[in-house]
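Novice: Here is what each chain is made of, one letter per residue.
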Amino acid sequence: MVLTLAFRNLFHDRIRLAVTLVGILFAIVLVAVQLGLYQGARQMIISMIDNAEGEIWITSFGAKSFEEAGLLSGRERHAVLSVPGVTKVTPLAVAFTEWRKPAGGSTLIVLVGTDPADGGLAPWNVVQGEPNTIAEPHAVAIDKTYMENLGVKHIAEIAQVDQTRVKVAALTDGIRSFTMAPYVFTSLNRARTMLGMQPDQATFLLVKLADPMTTDAVRDEIKARLSNVDVLTQAEFRTRSLDHWLFGTGAGVALIGGAILGILVGTVIVAQTLYSSTKDHLREFATLRALGSSAGDIHRVILMQAGLSAVLGYILGMAIAMVVVHFSEQTALPILMTPELAIGLFVLTLAMCAISAVSAIVKVTKIDPAMVFAR
Amino acid sequence: MSSELVLEAMDIVKDLGQGAGMVRALKGVSVTLRAGELTLLMGPSGSGKTTLLSILGCILSPTSGNVRIAGIDTEGLGPEALADVRRRHMGFVFQTYNLFPTLNAEENVRLALDVRGRRGRLATDQARETLTKVGLSHKFRSYPGNMSGGEQQRVAVARALASAPSLLLADEPTAALDSENGQAVMALLAEIAKDKSRAVLAVTHDHRTLPYADRILRIEDGLIVDDERPEREPAVIVAPPPTLSLDEMRSDGEPPAGSHPNGSRMSKKRKTKAHG
Chain A
1 MVLTLAFRNL FHDRIRLAVT LVGILFAIVL VAVQLGLYQG ARQMIISMID
51 NAEGEIWITS FGAKSFEEAG LLSGRERHAV LSVPGVTKVT PLAVAFTEWR
101 KPAGGSTLIV LVGTDPADGG LAPWNVVQGE PNTIAEPHAV AIDKTYMENL
151 GVKHIAEIAQ VDQTRVKVAA LTDGIRSFTM APYVFTSLNR ARTMLGMQPD
201 QATFLLVKLA DPMTTDAVRD EIKARLSNVD VLTQAEFRTR SLDHWLFGTG
251 AGVALIGGAI LGILVGTVIV AQTLYSSTKD HLREFATLRA LGSSAGDIHR
301 VILMQAGLSA VLGYILGMAI AMVVVHFSEQ TALPILMTPE LAIGLFVLTL
351 AMCAISAVSA IVKVTKIDPA MVFAR
Chain B
376 MSSELVLEAM DIVKDLGQGA GMVRALKGVS VTLRAGELTL LMGPSGSGKT
426 TLLSILGCIL SPTSGNVRIA GIDTEGLGPE ALADVRRRHM GFVFQTYNLF
476 PTLNAEENVR LALDVRGRRG RLATDQARET LTKVGLSHKF RSYPGNMSGG
526 EQQRVAVARA LASAPSLLLA DEPTAALDSE NGQAVMALLA EIAKDKSRAV
576 LAVTHDHRTL PYADRILRIE DGLIVDDERP EREPAVIVAP PPTLSLDEMR
626 SDGEPPAGSH PNGSRMSKKR KTKAHG
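Just so you know, the protein sequences line up as chains A and B, in that order.
Using my numbering, the first residue of the first sequence is number 1, and each one after it goes up by one.
Using my numbering, the first residue of the second sequence is number 376, and each one after it goes up by one.
Please note: incorrect hints may appear among the correct ones.
To give an idea of the interface, some chain A residues facing chain B are shown, with a C-beta separation under 10 Å as derived from the structure [said to hold, decoys possible]:
| no. | residue |
| --- | --- |
| 1 | Asn9 |
| 2 | Arg14 |
| 3 | Asp50 |
| 4 | Tyr275 |
| 5 | Ala290 |
| 6 | Leu291 |
Just so you know, the hints here were simulated from the structure itself, not pulled from any lab data.
Nothing here was measured: the structure is a model prediction, and the numbers come from that model.
Idealized CB from N, CA, C, for every residue including glycine.
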């Protein structure tokens, strides 16, 4: 009967229910979009690191992220190869540079120089062409999300990176850049030339180990042998990149701040409607109390109302959020909805509604059962 | 008097308000209620009727004095323990019915059973049985908004009865009803009071209810000033309304023809000046 009473009280005033649901819906969509953007941003920031074949990253000292690192001299490679447990060291050349569009104009890109044959970092999700085609003369691989941004309409089109002509030889799908500067893959030596680097220079040395379980020990050994460089495990480099882009630039804080704002707005709206509903039904709650209901029974009715509101609001809010997620999939700023985020949002919605019920519970706790005798 | 003592209140004092605005609503009231009796508590407005009913119903705590319900001493009990006493031993009927407008008649009665931990099919059957007893077998699914005042009050009586309380307290049960429905509800309460395990106390200022009373308490200015037991002619004692079978009650609240208690005559068999 507690559920029945909560359900009937909730649906008795349809307009108030609609206001409650709109409040929850608004909060859910806002939080889902903000946290989805946060998740999407996180994925974009770490995608290169996660798709590279190596347990340890060697970068110039103080490198902030995959996109922002200084140059290594190249001598480090031999020193690292001599460390026990290291099976392979793959150089990568990565830096911001300029892309000149075929029809004129230019845009900033992140050039990624890699030799796919080395097995370090090859373009993935290739939907047209082959990953190895970037080794061919003038060949580059771009992501189809950025074709318009790069002024490219189809594969085999000619463009220019800095002063060098390039041909779009492969298209990937879903390799997005948090910096909005598209990633462009090419061969290592071509990238060195385009970026004005010396033949042995690199931005990163990607270290592959015989036994990944020895990562920490090998990292410490490399650190002991090399000075003036940073030696990071994959997890450490991931954390450093996330810290830089999400919190160093404030982008992540803005996204999380938006999500918190959504939660606050939702909580206030639900609290207000639950409070007014409780106030309207105060005489009924006093009657329940007079009939011998415990305070806990009455709190359960209010919490049940909050829970029902949460479930209904969540279903509606997630339906709208999923539409937004769908339309964002092919954009440069995808919103990522993972099962974990969906479950987290449900728990958050329940918590939001439970907190909203506090004011109503406080009101009903102070109820005077003698009001049942009021005329 | 051999019937079971259901309620015993001793020297009840109740102060309402604080400081200079404090009013002594009850000035040392002692009351006992026995099973099998319908007692009316009458008095002018502001005399302390409702305050006394609230205290006897364990809804308000007295400033001083002691209330025992079915042998349980309620002195010093907290709100939850008092709620437990109400749940186990009491049923309430209110002037404005206090039904849940979003629940139908059956659900209103089932809610009272639910409070007492009775749920499921048995609770549904019990709710329907009680509604049938008060003449509402065809109104199980009706919502309070679609029922007459008399019908609503009978749902409230069914709700109060459903848990078989040893004490039924009614606050002005006829005040919001027309004459016919008022008579029907009083007949119902009188019938309920015939149960030798239950006492019924009704606060009222409606003199039309007098013929149904086994006992009348008069309260004035916070003191019981009169405690009388009306005596009826044998023919009147068995007059239709008080002796009606509950099943015979008509759904519109009107007792069957010839059952109106206008012919009843009362005399004071025993009159006790209550000690204040």
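Novice: Given Tyr275(A) as an interface hint, is the shortest Cβ-Cβ distance to chain B below 10 Å?
Specialist: Result: violated, 18 Å to nearest chain B Cβ.
Novice: Taking the least C-beta to C-beta distance, is Asn9(A) closer than 10 Å to chain B?
Specialist: holds, 6 Å
Novice: Is the hint on Leu291(A) kept, meaning its closest Cβ partner in chain B is under 10 Å away?
Specialist: Because about 5 Å separates Leu291(A) from the closest Cβ in chain B, which is inside the 10 Å limit, the hint holds.
Novice: For the hint on Arg14(A), does the least C-beta distance to chain B fall short of 10 Å?
Specialist: Cβ of Arg14(A) sits 12 Å from chain B, so the hint is violated.
Novice: Against chain B, is Ala290(A) within 10 Å by beta-carbon distance?
Specialist: Result: holds, 6 Å to nearest chain B Cβ.
Novice: Per the CB criterion, is Asp50(A) less than 10 Å away from chain B?
Specialist: At about 54 Å, which exceeds the 10 Å cut-off, the nearest Cβ of chain B leaves the hint on Asp50(A) violated.
In the structure shown, a violation is registered for the earlier hints numbered 2, 3, 4, in ascending order.
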